[in-house]
Amino acid sequence: GQSLEQPSEVTAVEGAIVQINCTYQTSGFYGLSWYQQHDGGAPTFLSYNALDGLEETGRFSSFLSRSDSYGYLLLQELQMKDSASYFCAVLPGYSSASKIIFGSGTRLSIRP
Amino acid sequence: DVKVTQSSRYLVKRTGEKVFLECVQDMDHENMFWYRQDPGLGLRLIYFSYDVKMKEKGDIPEGYSVSREKKERFSLILESASTNQTSMYLCATPGLSGTDTQYFGPGTRLTVL
Numbered sequence: 009g010q011s012l013e014q015p016s017e018v019t020a021v022e023g024a025i026v027q028i029n030c031t032y033q034t035s036g037f038y039g040l041s042w043y044q045q046h047d048g049g050a051p052t053f054l055s056y057n058a059l060d061g062l063e064e065t066g067r068f069s070s071f072l073s074r075s076d077s078y079g080y081l082l083l084q085e086l087q088m089k090d091s092a093s094y095f096c097a098v099l100p101g102y103s104s105a106s107k108i109i110f111g112s113g114t115r116l117s118i119r120p
Numbered sequence: 011d012v013k014v015t016q017s018s019r020y021l022v023k024r025t026g027e028k029v030f031l032e033c034v035q036d037m038d039h040e041n042m043f044w045y046r047q048d049p050g051l052g053l054r055l056i057y058f059s060y061d062v063k064m065k066e067k068g069d070i071p072e073g074y075s076v077s078r079e080k081k082e083r084f085s086l087i088l089e090s091a092s093t094n095q096t097s098m099y100l101c102a103t104p105g106l107s108g109t110d111t112q113y114f115g116p117g118t119r120l121t122v123l
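Residue numbers (the working numbering), protein chains in the order written: chain A, 9 to 120; chain B, 11 to 123.
Hints in this document: simulated from the structure, not taken from any laboratory. Where is the CB? At the ideal position from N, CA and C, for every residue including glycine. Check before you lean on any hint, since a few could be wrong.
[To be verified] With beta-carbon atoms standing in for the labels, derived distance ranges:
#1 S77/B to S77/A: 37 to 47 Å
#2 D36/B to E63/A: 19 to 29 Å
#3 G73/B to S73/A: 36 to 46 Å
Hey, can you work out the whole structure from these sequences and the hints?
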């Protein structure tokens, strides 16, 4: 079947760098997306990789390697407000109408 | 900016009640989605719609129905609410990259007693 795997929890220190990995088993997809969700809130779109390589958006970067079936979200200069859950997601190429698959999410906790 | 709104942030209903959750988007998008989110289970697709009066079942449609009479509005209906439908319900519409990213509404936290 199709699935996305992420670590369930990651802990990091304020000001540091953290990488959240996403590995997938799905045959062909358009791109890899990342979402952030704070407790009690809705997921918000962070970044999207249509092609292999690194995409940078301020303190956040996302990477995709289709040959390795792997992607990651890199958060730099961590701030306390970055404490949230992070989800990766793909739209499988076989999908007839936009049925996106989400990973189960990684809860990022940041210590002072 | 895409705006997706949901009719209620918090809702408390009793078992057996008929429940309507409303979602409105202002970007004239054809696709709209309803998910539920539960701890440890992530986001699960209930139903989606790809045009007015067009709908398709997601992964967990049992106990739910939907209505799309106008392009901007997509309603999720719990015909007879049950306690196992207590959850966070999220509406979404496609984002900047077309169909493979999504903008979510603020969510409705439904409690069924």
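So which hints don't hold here, by number, going up? No hint contradicted; all consistent.
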